[in-house]
Amino acid sequence: MAPVEAPVGTHRPRPLRQRILGTDTLLPYWLLLPSVLYLVLFFVIPLSQAIVVAFQDGAGNWTLENFPKLRRWDFNFLPALKWTFLLALVIVPLQLVTALLIALLVNTRFRGSQLFLYVCAVPLGLSDLAAGLIWYGIFADRGFLNSLLYTLGLIDAPITILTPDERWWLFGAVVVAEHWRATAIVLVVLVAGLQMISKDYLESAEVLGANRWQRLWYVVLPLLRPSLQAALIIRTIFAFEIFAVVLALAGDFLPVLAERAYNWYFFRQNLRFASVYAVIILAISLIFTVLYLVFLRVREEERR
Amino acid sequence: MAEIRLENVWKVFGKVVAVKDVSLTIEDGEFLVLLGPSGCGKTTTLRCIAGLERVDGGRIFIGDRDVTELPPGKRGIGMVFQSYAVFPHMRVFDNIAFGLKMQRVPRSEIKRRVQAAAELLHIEDLLQRYPAQLSGGQRQRVAVARAIVLEPEVLLMDEPLSNLDALIRLQVRAELKRLHKQIGSTTVYVTHDQVEALSLGDRIAVMKDGEIVQVDDPTTVYENPADVFVGGFIGNPPMNFLPGEIAAPKKDGFLVLRAAGHEIPLPEEFVPALQDHVGKPVTVGIRAEHIEVVPEPTEGALPAQVLVVEPLGSHLLLTLEVGGETLKVMVDTDLRVEPNAEVWLRFDPAKIRFMDRETGKALLP
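If you read the sequences in order, they're chains A and B.
In the working numbering, each number is its position in the first sequence, counted from 1, plus 77.
In the working numbering, each number is its position in the second sequence, counted from 1, plus 732.
Any given hint could be a false lead.
Unchecked claim - Simulated restraints on C-beta separations:
| hint | chain 1 | residue 1 | chain 2 | residue 2 | range |
| --- | --- | --- | --- | --- | --- |
| 1 | A | ARG186 | B | LYS1083 | 39 to 45 Å |
| 2 | A | LYS276 | B | GLN860 | 24 to 30 Å |
| 3 | A | LEU368 | B | PRO838 | 32 to 38 Å |
As the list claims (entries may be wrong) - In silico EDC-like links for lysine to aspartate or glutamate, alpha-carbon gap of 16 Å or less:
| hint | chain 1 | residue 1 | chain 2 | residue 2 |
| --- | --- | --- | --- | --- |
| 4 | B | LYS1083 | B | GLU1028 |
| 5 | A | LYS276 | B | ASP857 |
| 6 | B | LYS1083 | B | GLU955 |
| 7 | B | LYS1083 | B | GLU1070 |
| 8 | B | LYS940 | B | ASP959 |
| 9 | B | LYS806 | A | GLU280 |
These aren't lab readings, by the way, just hints derived from the structure by calculation.
By construction, the Cβ of each residue, glycine as well, lies at the ideal position given by its N, Cα and C atoms.
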């Protein structure tokens, strides 16, 4: 082999494109810049402002007083905390199970499975307020549900489902609506995860005598862990931000954290309490994200 | 104890017939290699035996049992996949123990048997590692250990060496052979690599377009290919083929082969098989090592021109032209030949094989 020598004295000015974009190692950062700018402008700055407001008093001194103060002033604070947690606690596992079942079904690649997946994903395209209104149309006194039951002769008069007297009915209606609206995002993540699991693992387990359930439990679910983690993080964070569906179906008869923040900000013009709520939601989301990352982590040596 | 018997097995994918009426008996304890080019149906045949594909016709027996309708886990088989399919989320120990756990074997026995299988494959020091911490060769051993720990009557392997680099492949190949001698399971081994097939198989089943073309021991498959396809597929370089004609120039019963404008006298034992083909066109097959290169015209030798000389270390591989056909010839390294030189080729008459020019089928003596 002829020795390759570095060319001497061939220093040419670098092309313009290179001078602007720097080397290849810098290019990724240029490509990231627009989204980073967007996030800083519309998320990081307002968020830091909210945190500052939440931890200051009217005179601009740093304080933790706003939190106990909010508890004293807003008799809906504890109920909002309770209902938000209960909703998340019921909705997220329910969605996970439903999404997993549908994803496993889609992954059998039955004839028409792609169409089925698209149909299941339709609610992804709806805003949460629109979804809330759709379910209001179903659950209202003269809504679809009552009409259907009446037509079938199962009831003589409409049942009032959405009433402040029956908090748990409101709760159930929100669970159903939210389940319908937001399961698709989990589904899409899980379907993608399932498709990444090589068929060989399943066939190998099958030859080794594992039945359907054992294959699911010992092979599919462990290998699906990264997707489960991603789906859970996304869904749990959104679950604590639940707002428009509750507003459409229950108004403020079923208080939740985000609705409280909205209420204090718009109706009582109280930026400080609204910010305190925002910080609480943020803290809860962060705690759960960290928990998922710790408990569902895939160790380096287990990676494929 | 466990012979495998395929009776008229069919497998069809849409319009493609992957396995076409295959019947084959694999003896108890035999190492059978399914060999063929990609798409010939060898892997599908293996998957039918494993039960990973439902056959569209025919029956499969393992031992005395008709397993055609049984799921893979109930057939008493072990299988090694091309990708190894070692579970990445389990330590080596749990990978090997997986099948035993599914059978609810007691914990202490699992431990003992995993240890024994690991020792057989020299991976007993790796039991606590995760697959990502292993080399390709080690992962392959884990896959084999996981298959044999169940002491299956039948071991199925789907191109188990094709993902290894050349040096390790040689080493593992020899070890698979040793392992088979040691455990004695009836083994079906799929490969497209004819060297692997020749070195491992007790018998080789050569497949083409979903059908088995020839099943024989390696020597027979190599020396007496059933047709032009087998001769061209097996051997490196593949068998040479020349158009020729059988002739009976004298009345004494001897036959000659006319090829490239010359005549080669044939040994007497060919007479019965070739008598009916006198005057008819045939394809002549001869292996590269059965051609002798001589520097001057000789009785019964064909003139040839050297095109390429390739030193292969132990031998020289010559590419020559004879009457418009290209031949590969293997000669000793001490022969001095240059490209473009004119030489004469003498075929070892006993090693010449004849095929029907039309069908390509061998005319066996």
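Hints, verified against the model:
| no. | hint | result |
| --- | --- | --- |
| 1 | A:ARG186 / B:LYS1083: 39 to 45 Å | violated, 53 Å |
| 2 | A:LYS276 / B:GLN860: 24 to 30 Å | holds, 28 Å |
| 3 | A:LEU368 / B:PRO838: 32 to 38 Å | holds, 37 Å |
| 4 | B:LYS1083 / B:GLU1028 | violated, 22 Å |
| 5 | A:LYS276 / B:ASP857 | violated, 29 Å |
| 6 | B:LYS1083 / B:GLU955 | holds, 8 Å |
| 7 | B:LYS1083 / B:GLU1070 | violated, 27 Å |
| 8 | B:LYS940 / B:ASP959 | holds, 11 Å |
| 9 | B:LYS806 / A:GLU280 | holds, 13 Å |
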